[in-house]
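Order-wise, the sequence lines are chains U and F. To convert, note that position 296 of the first sequence is 296 in UniProt numbering; the numbers rise steadily by one, no gaps. To convert, note that position 291 of the second sequence is 291 in UniProt numbering; the numbers rise steadily by one, no gaps.
Where hints are given, some of them may not hold.
Listed next, the stretches of chain U that the computed footprint assigns to chain F, with coverage defined by at least 3 CB atoms under 8 Å from CB atoms of chain F [unchecked claim]:
1. 97 to 111
2. 165 to 175
3. 264 to 272
To give a feel for the contact side, a few chain U residues facing chain F, derived at Cβ under 7 Å [unchecked claim]:
4. L68
5. F69
6. D155
If you're looking for bench data, these hints aren't it; they were derived computationally from the structure. Quick reminder that beta carbons are idealized off the backbone N, C-alpha and C, glycines included.
Below are the chains, spelled out letter by letter.
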Amino acid sequence: MSTVSTAKAPARVDRTTGPRPDRGKRRQVRERQWPAYVFLSPWLIGALGLTLIPMAVSLYLSFTDYNLFDPPHWVGLRNYTEMLTDDPRYWRSVGTTMLYVVVAVPLKLGLALGVAMLLRNLNKGRAFYRSAFYAPSLLGASMSIALVWRALFNDGGTVADVLDTIGIHTGGWVGDPHLAVYAVVLLTVWQFGAPMVIFLAGLQQISPDLYEAAALDGAGRWRQFVSITVPMLSPVVFFNLVLEVINSFQVFTPAFAISGGDGGPADSTLFYTLYLYERGFTASHMGYAAAMAWLLLIAIGAITLILFRTSRSWVFYADEEGR
Amino acid sequence: MTPEPPNGRLRLQSRRAVLAAAAAGLGTALTATLSGCSAASGGTAGGVTLTFSWWGNDDRAARTEKAVRLFEKEHPGVTVRTSNGEFGAYLQKLATQAAGGGIPDVVQLDYRQISQFAGGEALMPLDALIKRRTIRTSEMDHGFLRTGTYEGGTYALPMGRGITGYAYDSAVYKKAGVATPGPGWTWQDWQRANLRIAALGLKSPDGRPFTGANDGGTNEDVFETWLRGRGRNLYASQTQLGFTEADLSAFWSFCDGLRKEGAIAQAKDTVQAKSTETSPIGRRLAAADFTWDAPFPGYTALLGEDIHFAPVPTTDGHQGAYFKPSMLLGIGANSEHPKEAAQLIDFLLNDPRAGDILGFSRSTPPNRKIAARVATTLKGPEREIYDYAQTMEKYGLDTPPTAPPPGDLAIQAAFKRGYQRVMYGMATPRQAARELIDEANRELRS
Numbered sequence: 001m002s003t004v005s006t007a008k009a010p011a012r013v014d015r016t017t018g019p020r021p022d023r024g025k026r027r028q029v030r031e032r033q034w035p036a037y038v039f040l041s042p043w044l045i046g047a048l049g050l051t052l053i054p055m056a057v058s059l060y061l062s063f064t065d066y067n068l069f070d071p072p073h074w075v076g077l078r079n080y081t082e083m084l085t086d087d088p089r090y091w092r093s094v095g096t097t098m099l100y101v102v103v104a105v106p107l108k109l110g111l112a113l114g115v116a117m118l119l120r121n122l123n124k125g126r127a128f129y130r131s132a133f134y135a136p137s138l139l140g141a142s143m144s145i146a147l148v149w150r151a152l153f154n155d156g157g158t159v160a161d162v163l164d165t166i167g168i169h170t171g172g173w174v175g176d177p178h179l180a181v182y183a184v185v186l187l188t189v190w191q192f193g194a195p196m197v198i199f200l201a202g203l204q205q206i207s208p209d210l211y212e213a214a215a216l217d218g219a220g221r222w223r224q225f226v227s228i229t230v231p232m233l234s235p236v237v238f239f240n241l242v243l244e245v246i247n248s249f250q251v252f253t254p255a256f257a258i259s260g261g262d263g264g265p266a267d268s269t270l271f272y273t274l275y276l277y278e279r280g281f282t283a284s285h286m287g288y289a290a291a292m293a294w295l296l297l298i299a300i301g302a303i304t305l306i307l308f309r310t311s312r313s314w315v316f317y318a319d320e321e322g323r
Numbered sequence: 001m002t003p004e005p006p007n008g009r010l011r012l013q014s015r016r017a018v019l020a021a022a023a024a025g026l027g028t029a030l031t032a033t034l035s036g037c038s039a040a041s042g043g044t045a046g047g048v049t050l051t052f053s054w055w056g057n058d059d060r061a062a063r064t065e066k067a068v069r070l071f072e073k074e075h076p077g078v079t080v081r082t083s084n085g086e087f088g089a090y091l092q093k094l095a096t097q098a099a100g101g102g103i104p105d106v107v108q109l110d111y112r113q114i115s116q117f118a119g120g121e122a123l124m125p126l127d128a129l130i131k132r133r134t135i136r137t138s139e140m141d142h143g144f145l146r147t148g149t150y151e152g153g154t155y156a157l158p159m160g161r162g163i164t165g166y167a168y169d170s171a172v173y174k175k176a177g178v179a180t181p182g183p184g185w186t187w188q189d190w191q192r193a194n195l196r197i198a199a200l201g202l203k204s205p206d207g208r209p210f211t212g213a214n215d216g217g218t219n220e221d222v223f224e225t226w227l228r229g230r231g232r233n234l235y236a237s238q239t240q241l242g243f244t245e246a247d248l249s250a251f252w253s254f255c256d257g258l259r260k261e262g263a264i265a266q267a268k269d270t271v272q273a274k275s276t277e278t279s280p281i282g283r284r285l286a287a288a289d290f291t292w293d294a295p296f297p298g299y300t301a302l303l304g305e306d307i308h309f310a311p312v313p314t315t316d317g318h319q320g321a322y323f324k325p326s327m328l329l330g331i332g333a334n335s336e337h338p339k340e341a342a343q344l345i346d347f348l349l350n351d352p353r354a355g356d357i358l359g360f361s362r363s364t365p366p367n368r369k370i371a372a373r374v375a376t377t378l379k380g381p382e383r384e385i386y387d388y389a390q391t392m393e394k395y396g397l398d399t400p401p402t403a404p405p406p407g408d409l410a411i412q413a414a415f416k417r418g419y420q421r422v423m424y425g426m427a428t429p430r431q432a433a434r435e436l437i438d439e440a441n442r443e444l445r446s
């Protein structure tokens, strides 16, 4: 299989029946396509009505002063210039988000890989542990878990009480601007199950022959990890890294719940998306919020591109071998 | 070429597969945060369903539900679907609903929302319904009714007349030898009271030092009362602040100093307070709290009969408190049942039985007859806030300020944030004040 061909997904229904369709056949193909679009229509309507059209409207609104109540007026680039040059909180939110991404993503991926390595060698009960570790990923994005998290890290909450008994007096992480962001980080790291399942699948794909051969040549466990596991797993690491970075820039629910919606105390949990939400829904500056959303999209796109560029030097694709 | 992996195994062995997955992840960037908002709407077969939403504590919620159930009983075929929430979340939800044209049929509003909602055509003009006497206003003060008007039309009716005050634990005050606070007590008296209470060395249930009061530094209402005591207002006009960097920095330095001395609540307890229950006074970490008259009965319900209601301190006897509509009631512009909605409003405001049930849960009722009638039956904390309002009226209050500009909500949030930065040493009072004024000016400009 080559990676060069361009994909035109829905039009290629009948490829397998003949070597090359003639004219009449092509029309037949087209006639036979409409049921496909009928069945796709719920999705197409959704994609248009819930994603593409709102995105276009949001792009337009980002150049206006829309405030939810009055009709929007065109203000050109004012929203963009104001946030970049005249809004200290904007940069504070960028800083908080970057800190979060830089701390949470490596922690989460490291934990996911570590647990996946342990589970790989487990013969009994692997399915159980895999499900058990995966469960938080299913629950973690919900508001209710975030509220429970807030209760855990509140003053008088479980975490503060436990730390108290071992002599560390925090008085509640949520109330401390230096700790609050780490309550959010921990909530994210706790959801390491999703990348872990992917790591586990990737680990199982590495041929045991490689390890056997390495062991015969006298490679120790560490050597095997560095020389076989890491390169063979690098596409999966890369995949998880890209997804986690993208998701982390968009973290919202835990920050909203843990700070009580205002990014406090003292803006310490003012994540980018939370500030965006506050601009839009508390201060009613929807145009400004839309502009923030577009800058976020551009920033995530740029960072993803950079990750792809660097990946050439450290990601090893088995199917590109020898090219 | 690699052999195909067996079915069900992971396939990420090409750059393109990773790219596709990344693109899918990116696509959610714009839509992720904005999901989860929905508008309320009603309609059941046969009868009329009204939606009615408000904010407030459990006591107010229970009373409002009871009054609504009585209304339903008297109007067969009308069902009222109620929803209530915490103030901040409520305002956001309502703004979103307003933009979508779907605010509830009957809706409780804050003073700050009136000009924006009425100007944005989210509220129905009530003048015709008042003229037809579907909503009766004859027993209400006409000057006070003006608080719900916008450009000559009536868009909302006040549900109560509120005033700021100070809930304090009289037993602790007595123990500390502090005189009962009167309408003329000053900020210096307040400072001394807090220092004395802290000097008692009392402990909270979790063994921490007991302080004199909640820290008012995050609370814009407290600053407003402090400022008015010095003869100024929060806003000089709809586009201009009425105070300077020096005013705000003086106020914040005052609070900051007292907190550092241990006389008022600690920073972490102030920032973790989300309700009366979780505030320092509710957790028995402090003896007093700045509040409004309407929520005061909730304090005694939580903390017992020793809690009493006093005025906010003055500057040399100059009282900064004023009467303000505690909240207003309006009808959503797109309501399908304006008549029934108006009947519900009229019932809540003018029916003596509803008056009895609601009591003073939204401050003094605007209907004079009901206020007088309810006052005779009032006991305990409700009697106390009624008497308090009378005392304050006699003491003499400055004229109320004009309705706050639309940017006020954002400025209120900035106020809380600014002082949090002071509390955690992230900014000096002067720096934080400068930042707030810059931000406020940006809000008022746009």
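Here's how the hints hold up against the structure:
1. 97 to 111: violated (count 0)
2. 165 to 175: holds (count 4)
3. 264 to 272: holds (count 4)
4. L68: holds, 4 Å
5. F69: holds, 3 Å
6. D155: holds, 5 Å
Hint compliance for this structure: hint 1 is the single one not met.
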